[in-house]
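Student: Chain by chain, the residues run as shown.
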Amino acid sequence: MNSHAVVCKQISKSFGSGEDEVKVLRGIDLEVPLGEMTFLVGPSGCGKTTLLSVIAGLLNPSQGDLHVLGTPLHAIKGAKAVEFRRINLGFVFQQFNLLPSLTAAENAAVPLLAANWNRKKAVEKAKTLLDDLGLGSRANAYPNQLSGGQQQRVAFARALIHDPKLIVCDEPTSALDEHTGHHVMELLRKIAVRPERAVLVVTHDNRIFNFADRIAHMNDGHVTHIETNGGSH
Amino acid sequence: MKFIAWQMLTGDKAKYLGLIFAIAFSTFLMSHQVSIFCGLMNRTASQIDDVADANIWVMDAKTQYLDEVKALTDQDLYRIRGVQGVDWAVPLFKGTSRAKGPDGKFRGVILMGLDDSTLVGIPRRIVLGKIEDLREPETIAVDQVGYKFFFPDQPVTLGRTLDLNDHTVKIVAVVDSNAPFVNLPVFYTKYSQAISFVGRERNQMSFVLAKATQGTSESELNQRIAKTTGLKALTGNEFGWETIWYYIQNTGIPINFGITVVIALVVGTVVAGQTFYLFTIENLKQFGALKAIGVSDLRIVGMILMQALIVGAIGYGIGISMTAAFFEATKNNLDLRGFQLLPQVMTGTAAAVFMIVFLASAVSVRRVIVLEPAVVFRG
Ligand SMILES: Nc1ncnc2c1ncn2[C@@H]1O[C@H](COP(=O)(O)OP(=O)(O)OP(=O)(O)O)[C@@H](O)[C@H]1O
Ligand SMILES: [Mg+2]
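As you go down the protein sequences, you meet chains A and B in turn. The C-terminal position of the first sequence is numbered 1559 in the numbering used here, with every residue numbered one higher than the one before it. The C-terminal position of the second sequence is numbered 422 in the numbering used here, with every residue numbered one higher than the one before it.
Excised from the complex, chain B in its bound form (with noise of 0.2 Å):
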């Protein structure tokens, strides 16, 4: 039975292809949009993974997400460094300048002051360079897409300079960031420097990153600073979530990306549906002869749903392979960093696709069974 539920799926080839390209096709979107979305979102906490050496970020306790922060003071810093259980406590600057290439092009930039004796927060990949290095006066660690935006199509040196807010700075390092949710350029500097690049405003520092002492929990730590000072304390994969779920409930970026998934998921129901039913329809004379003939209801059901199950399969294999190959194409497309297909997209893929053929031949699966074996008889 099942070779011949195989014959008559591939019989008819215009719609057998038809079927397979209707799941291709939304196992291509679903998967795709999703992968870029997940991308999106996780890039919204790109600074925050890439501080690798302190894992406590301490924040006004009114601060939601890395991009908005309410400045700490001086004493918040001495507080949280007396809290027991804190090896260490530096600050943190985040901002944005705005910098001027040597041919007068300038750019938004998000600028990272690190504390100025421990330089904690730099990124782990250093392209080029030595992080010491910026010990020295009017002296910036650049990443990638910095550098490529205002020297273009040049090899990557070090002492080359730029115009920050009026200073002229020179470049000691090429580091790898991961790319941050607007898709600026971050340049990082000493925190004292950062703040007279930025000037002006007092109270500067927009987080104090914390490391515990050896053998201390991190969230019970968490707890005791929040308690002694009455700043909030998360650590880097706590802060990391919260702000991605502030983009995801405060910008309508989900609902796009939604919409675009449940319109892929809506046409492959559809079009798959109808295909498949109207492929069935045509066969149910078939059908009809196969139960006068004595196969039962049961098998005539594996039947329909192995039919199925083929297209599924062939179609999602299609559809995420077209994926797969859209991001290994991309994958050195710096503005393009990040975005990969995850594991967990494709299995939730696979769990649509497998809902999206259930439904389809369900509708067929009625039909059948329905279906007086009598009508055989009948021209």
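For reference, chain A alone in the conformation it holds in the complex (with noise of 0.2 Å):
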């Protein structure tokens, strides 16, 4: 139990009710392991980005048992929910998600200015992770001041700056360029990987597939099988 971040056991998710029911996700028994990169992957509308919302606590299960860290989210809501979000998930969004009107180690400050940090302090920290990102230089500049994978390095500095032990990421890479796209997978792997920490990475990019350490494979709202990547980054 403890060298899982994430426990699912038959977790389903539907969506509206009787007539105009979906069922997204039915019966999703998954683990996801403490120091390891997991990849979630399926054909367009298997439910990946579902799932993915049900384990960091922004969907309620339907039905099922949810541990995430040892904490029972399908039984914690409201101001308790929101709480442990703060504390214990990175989040990275395949359209990054920064505030325009704050700079690059602003937005990286976001956690810490959410958990009532002095604003210097916190933008100081960011600034030294972005250095650790090669973004050292422009940590000043605004979001429309920088292209897609700068960018997108800034919101892993966000969902890093806080330590969290789950970073969750979907789709990191589509909406950049092949050759940007391997860069920042390696600069994830770099800086998220920690023994004490998971990074659960929703894609249908196979580009990236070798940098996962697993491979959850999904399809129609079931994780069909579990691939291990032998090491193959």
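Simulated from the structure, these hints should not be mistaken for laboratory data. All of these numbers come straight from a predicted model, not from anything done at the bench. Misleading hints may appear alongside valid ones.
With a straight-line cut-off of 16 Å between C-alpha atoms, the simulated EDC-like cross-links for lysine to aspartate or glutamate are [stated by the list, open to error]:
| id | chain 1 | residue 1 | chain 2 | residue 2 |
| --- | --- | --- | --- | --- |
| 1 | A | Lys1406 | B | Asp340 |
| 2 | B | Lys213 | B | Glu263 |
| 3 | A | Lys1491 | A | Glu1362 |
| 4 | B | Lys173 | B | Asp219 |
| 5 | A | Lys1403 | B | Glu415 |
| 6 | B | Lys270 | B | Glu285 |
| 7 | A | Lys1451 | A | Asp1391 |
| 8 | A | Lys1349 | A | Asp1546 |
| 9 | A | Lys1403 | B | Asp209 |
Pairwise CB distance ranges, derived in the manner of DEER restraints [unchecked claim]:
| id | chain 1 | residue 1 | chain 2 | residue 2 | range |
| --- | --- | --- | --- | --- | --- |
| 10 | B | Trp49 | A | Gln1336 | 44 to 52 Å |
| 11 | B | Glu325 | A | Ser1463 | 29 to 37 Å |
| 12 | A | Ala1467 | B | Asn376 | 49 to 57 Å |
| 13 | B | Gly345 | A | Lys1447 | 16 to 24 Å |
| 14 | B | Arg409 | A | Phe1341 | 38 to 46 Å |
| 15 | A | His1505 | B | Phe401 | 50 to 58 Å |
| 16 | A | Lys1349 | B | Glu415 | 16 to 24 Å |
Idealized CB from N, CA, C, for every residue including glycine.
Dock chain one against chain two, each of which comes alone in its own frame, and use the hints as you go.
Tutor: Below is the structure:
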């Protein structure tokens, strides 16, 4: 149990009700180990994003047990869930979702500001992290002054700055070209993967599959099989 | 989070300025119109405020306001003087007449006839001359507006003459009176003189001005006067308000100003609300990301309210400064005298602006609260 960041038991999720009910997740069993990078792959519409949202505490499962970092997430709601996310999760989105009126460093510092850090200290720490991600010189740039790859690296910094135990990424490379996608995944592996942390990446970009330690294949609301990557990266 | 809210707000300069403009506009419109309205209503009681020496106004029981009076008789005056607690009581004439200047230009004027022996009822502020000189026959005191009208661009000196109803009268004093509602010049003269100027009508006494003896309460005295004489007795303040209320209830003025103020309120709320709402909608993705990252709804509501309050405070500051600047710029204009930005109007407008930004942000707050943070994963 302790070696797993996420344990899903028979998770199901439906949208709507009655005639309009759509069953998106139909009994998911999945374990995401700490210290690894796990990919969630599968055809479009099979429920990857929905599962990621459930694991991240953004959606409540309709049925099943979900333990994240030992916490029964299916049972907590409201302010407690918000607090849990703030402390334990890092998010990376397909469209980066940076705040356009904040600089790169300020964007990266948002999780610390949400935790009431002093702004100067938070931005200072963000700059160090951006340095590690090779963006030190662009710390004061605004998102619209950065390339897609640079924006995604700022998003990585934002996901990492508060040292969360679980990082969830939805299609982190699909808005980037192949070369840039490769580069940011390399960086993500190097910076994010730690023994006490799990990284969960949803993607259908098979060009980056070799960065995964483990690949969970999904189809039609089920996890069909798990494939481990014997260190091919 | 305050920092983020501030950056989000000011990041989009066009929207930020649009919001501030909307609030400033409605602030200006509301405070300016309400100030003019209050000034105008105050003017209806100007001649009451101008009487400084006596505080009790006695009039026919049917008299409702300053500008339409049923005359009193000499008998009434004696009876009032006989009421216990009345120190003294003097007649006051208020009427209109027509004056002609040296160049033939004429205009209606308000004519005030003051008690021959005491001259009670003259305004406090004398610009030039001596009130005592009114005791001479065929003399008048005029207010500054009247002087400027009949002798434009000429220095204010005494001794000039005007034609008042075929009487040649000499100006012996220039006074500073409050602007009457109709903004006509105000002339002052002896009571007996005023009556000879207007002629004919037998009963000319418009009011009796009285003073209570030391230690007598004015309200008790007024009741006593009413009981013993059957007349109506009011303090200057009460009579002023009765006059103001008469105009509020019997003219279209409040409705007209009211409409402008309501339009300012509605336009302010709708424009600010719409801009603010669009602003929030455009930032919905950002708010969604913040919610996902772990910022609570309460703090996000705090951010939105803070943005609204900032915009409200700046917009109000600009709008109220514009109103203040308007009245500052016009304060030496004699025709606009008495119009000013009252503290009550400032407070009232601030409350209205607060309501505007509160309503404007309420809709936005709702949208953000019902927002599912999971949307951040959707393209
Ligand atoms: N809020 C919702 N309401 C109704 N249906 C939804 C909702 N969210 C997702 N769905 C449906 O659930 C199904 C799975 O969606 P999901 O986004 O999880 O797929 P995905 O595997 O991430 O696809 P893609 O690779 O295209 O991103 C889709 O059919 C989608 O229409
Ligand atoms: Mg998806």
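Student: Straight-line Cα separation of A:Lys1491 and A:Glu1362 no greater than 16 Å?
Tutor: At roughly 11 Å apart (the allowed maximum being 16 Å), A:Glu1362 and A:Lys1491 satisfy the hint.
Student: Measuring from beta carbon to beta carbon, are B:Arg409 and A:Phe1341 in 38 to 46 Å?
Tutor: Violated - the Cβ-Cβ distance for B:Arg409 and A:Phe1341, about 22 Å, lies outside 38 to 46 Å.
Student: Hint says 50 to 58 Å; check whether the CB-CB distance for A:His1505 and B:Phe401 agrees.
Tutor: Given a distance of about 51 Å, which is inside 50 to 58 Å, the answer is holds.
Student: Regarding the pair A:Lys1403 and B:Asp209, is the alpha-carbon distance no greater than 16 Å?
Tutor: At roughly 93 Å apart (the allowed maximum being 16 Å), B:Asp209 and A:Lys1403 break the hint.
Student: At the C-beta level, are B:Trp49 and A:Gln1336 separated by a distance inside 44 to 52 Å?
Tutor: Taking Cβ atoms as reference, B:Trp49 and A:Gln1336 lie about 46 Å apart, which means the hint holds.
Student: Please verify whether A:Lys1451 and A:Asp1391 have alpha carbons no more than 16 Å apart.
Tutor: violated, 37 Å
Student: Need the status of pair B:Lys173, B:Asp219: alpha-carbon distance at most 16 Å?
Tutor: Judged against 16 Å, a Cα distance of about 13 Å means the pair holds.
Student: Between A:Ala1467 and B:Asn376, is the Cβ distance one that fits in 49 to 57 Å?
Tutor: holds, 55 Å
Student: Is the Cα-Cα distance between A:Lys1406 and B:Asp340 16 Å or less?
Tutor: Holds, because 12 Å separates the two Cα atoms, which is no more than 16 Å.
Student: Does the Cβ-Cβ separation between A:Lys1349 and B:Glu415 fall within 16 to 24 Å?
Tutor: holds, 19 Å
Student: Is the hinted pair B:Lys270 and B:Glu285 satisfied, with a Cα-Cα distance of at most 16 Å?
Tutor: violated, 20 Å
Student: Against the 16 Å threshold, does the CA-CA distance of A:Lys1349 and A:Asp1546 hold or violate the hint?
Tutor: Cα-Cα ~9 Å, so holds.
Hint compliance for this structure: hints 2, 6, 7, 9, 14 are not met, and every other hint is.
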